[in-house]
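In the working numbering, each residue's number is its place in the sequence shown (first place is 1) plus 2.
Since the hints were made in silico from the structure, they are not lab data. Everything numeric in this text was worked out from a predicted model, so none of it was measured.
Subject to a maximum C-alpha distance of 30 Å in a straight line, what follows is the list of computed BS3-like cross-link-like pairs (lysine-lysine): (1) 262 x 208; (2) 301 x 267; (3) 240 x 262; (4) 240 x 360; (5) 267 x 360; (6) 208 x 173; (7) 267 x 208; (8) 262 x 314; (9) 314 x 133; (10) 267 x 133; (11) 240 x 314; (12) 314 x 301; (13) 262 x 173; (14) 301 x 240; (15) 262 x 360; (16) 314 x 267; (17) 240 x 267; (18) 301 x 360; (19) 208 x 240; (20) 301 x 262; (21) 360 x 208; (22) 262 x 459; (23) 86 x 133; (24) 240 x 459.
Simulated restraints on C-beta separations: (25) 19 x 355: 42 to 48 Å; (26) 133 x 532: 33 to 39 Å; (27) 544 x 348: 31 to 37 Å; (28) 179 x 544: 25 to 31 Å; (29) 181 x 384: 43 to 49 Å; (30) 381 x 481: 47 to 53 Å; (31) 79 x 487: 30 to 36 Å; (32) 312 x 356: 28 to 34 Å; (33) 380 x 548: 17 to 23 Å; (34) 88 x 133: 24 to 30 Å; (35) 356 x 487: 55 to 61 Å.
In this text, a Cβ means the ideal position worked out from N, Cα and C, and glycines have one as well.
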Amino acid sequence: MRALAEALFEAERTRARNAKIEALARGLREVAARDAAALPLAARLMTGNLLPTGDERTLGAGGALVFEAACIATGMAPEELGTKARRSGDIGTAIGEALAERPGGIGLGLDEVAALVETLASTGVRAEKLKALSDAFASASALEARYLARAILGEMRVGAAEGIVETAVAKAFDRPAAAVRRAAALVSDVGLLAELAHDDRLDDAKITVGRPVGFMLATPLETARGADLTIPHAVEDKIDGIRAQIHVSTEGVHVFARGKGAVTKAFPDIARPLSEAAAAGLPPAILDGEIVVVADDGKVRPFSALQGRLNKVDPDEELLRSVPVRCLVYDLLLEEGESLLALPFTERRARLEGWTAKAPPAIVLHASRALGGEGALDAEFDAARARGSEGLVLKRLDSTYEAGVRGFAWLKVKRAFATLDVVVVAAERGHGKRAGVLSDYTFAVRGDEGELLVIGKAYSGLTDLEIDTMTSRLESLALAPERHGYLPVRPEIVLEVAFDGLQRSNRHSSGFALRFPRIAHIRNDKRPEDADTLETVRGLFESQLASGHREEAEAPKAKAPAKKGGRKSGRKPDVRQKSKQLKLFDD
3 MRALAEALFE AERTRARNAK IEALARGLRE VAARDAAALP LAARLMTGNL
53 LPTGDERTLG AGGALVFEAA CIATGMAPEE LGTKARRSGD IGTAIGEALA
103 ERPGGIGLGL DEVAALVETL ASTGVRAEKL KALSDAFASA SALEARYLAR
153 AILGEMRVGA AEGIVETAVA KAFDRPAAAV RRAAALVSDV GLLAELAHDD
203 RLDDAKITVG RPVGFMLATP LETARGADLT IPHAVEDKID GIRAQIHVST
253 EGVHVFARGK GAVTKAFPDI ARPLSEAAAA GLPPAILDGE IVVVADDGKV
303 RPFSALQGRL NKVDPDEELL RSVPVRCLVY DLLLEEGESL LALPFTERRA
353 RLEGWTAKAP PAIVLHASRA LGGEGALDAE FDAARARGSE GLVLKRLDST
403 YEAGVRGFAW LKVKRAFATL DVVVVAAERG HGKRAGVLSD YTFAVRGDEG
453 ELLVIGKAYS GLTDLEIDTM TSRLESLALA PERHGYLPVR PEIVLEVAFD
503 GLQRSNRHSS GFALRFPRIA HIRNDKRPED ADTLETVRGL FESQLASGHR
553 EEAEAPKAKA PAKKGGRKSG RKPDVRQKSK QLKLFDD
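Produce the complete structure using the sequences and hints provided.
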């Protein structure tokens with residue numbers, strides 16, 4: 003593991019994207035030269051995902067277990083190691099520092115890391131996990147232990163997002179970047195991708211039940227300058243649920259959520275009936291759709307109704323009864339072993355209709371209809387909003403399913419307000435009755451190099467309960483002690499923020515500020531990597547100017563208004579009302 007750890011250290015030390023890619027590529031080449039069989043694990047370790055995509059096991063090794071194992075391996079008192087961890091803000095760095103002060107280990111091989119991963123994933127006995135971890139740390143060098151600990155916790159902190167590792171794979175083995183991206187979207191496993199690239203077998207990449215496929219994504223209509231609505235399109239209501247793939251076969255049912263990986267255990271009310279149907283002859287398939295809560299009258303409830311099911315790994319029967327879910331499906335990617343990705347939308351839709359006719363009630367066919375020309379768009383949008391939907395999705399009738407691609411074949415329409423998915427980077431205590439909770443959130447978007455750039459702050463939109471929950475989560479993510487009510491935090495929580503416009507800003511590192519931002523949702527279903535980008539912000543700003551709205555001067559630094567009556571109790575305001583100033587689409 004030495005070469006891999008050195009590559010990660012070099013990548014961590016630089017902020018330059020190309021330098022990171024070069025360092026990681028060199029590490030992959032060195033691993034492959036020593037032992038090609040270890041290459042998949044090495045590539046996965048770079049992203050902090052030690053198990054193959056589709057493996058629904060968990061390591062079951064949290065921060066407390068890693069910390070205890072490190073104390074055993076280093077012989078350091080918990081208080082001393084804890085001080086190091088608080089100072090560095092990272093348990094991996096602290097373990098490395100502690101081992102550097104002791105006689106070094108002989109070094110850890112990737113085969114030993116593989117054995118450790120298998121032990122952690124296979125046993126539920128804490129003592130066995132603790133021994134395996136402490137033995138591994140004791141054998142590791144300081145640098146190896148640093149990145150092993152981070153990988154186990156899923157926090158590599160080297161700026162090596164999966165896209166960067168994919169590019170490093172292409173560079174390491176001199177493969178065309180486009181071929182690597184295509185294969186990555188089909189196999190969704192950077193370890194398997196590295197193996198295929200090394201063996202020059204990228205053309206062998208294919209979709210298969212049990213391994214997620216890259217989701218096809220829609221482009222906001224406003225920023226889709228190349229879109230042509232004179233070409234025939236289907237139109238569907240845009241549903242605010244959890245984007246999911248359902249994989250069905252006689253060997254098992256898998257539910258994969260975008261940004262969350264395998265969530266099968268969280269949705270037994272979808273998996274169980276499908277398993278029974280598959281055993282009774284329902285054809286194997288991969289479906290694309292949205293997990294939603296459906297009311298007794300058959301109407302889809304808003305995303306907030308799903309909050310009770312998010313992050314519930316093993317929901318009890320009472321929760322399943324009180325918050326029942328269904329999957330609204332709108333695409334079929336594979337049927338009976340045949341990939342349908344290259345078929346036009348019309349043919350996939352016909353196959354989907356035939357498949358869902360045999361499916362249990364947990365699967366609901368999402369309505370799709372022909373768009374009657376560009377002139378019908380306004381009426382379709384108003385009708386969708388009247389049904390309680392977010393907006394519309396337009397799909398070219400001749401479009402293939404472009405896995406992992408956001409193109410112009412699918413367009414999304416969400417008018418009269420804009421929203422961005424942002425990452426919380428700091429929080430502040432409120433005033434008055436909010437003085438005891440973290441209620442004001444500073445948030446950021448992703449920059450061109452993946453860095454987080456602040457774009458605003460919001461303190462409205464959440465209920466009392468949500469603020470209390472956010473306070474607990476943020477306090478656990480603290481990067482430094484709270485000073486004067488201000489707490490910097492690890493960027494892990496994603497918010498959907500609605501706003502009325504954009505203006506240039508010298509105050510925020512993004513160069514922009516949001517006008518009247520308010521929190522629409524806590525997006526527990528999204529990762530920081532899913533946050534919107536500065537490029538999206540620029541596109542919205544340019545569209546705002548192009549629509550005839552003058553560029554406004556930057557507003558004075560925002561101050562939280564005086565709180566009247568303290569925190570809200572209960573309902574959120576409707577942040578999806580039409581703006582009197584702007585007509586924007588969000589990303």
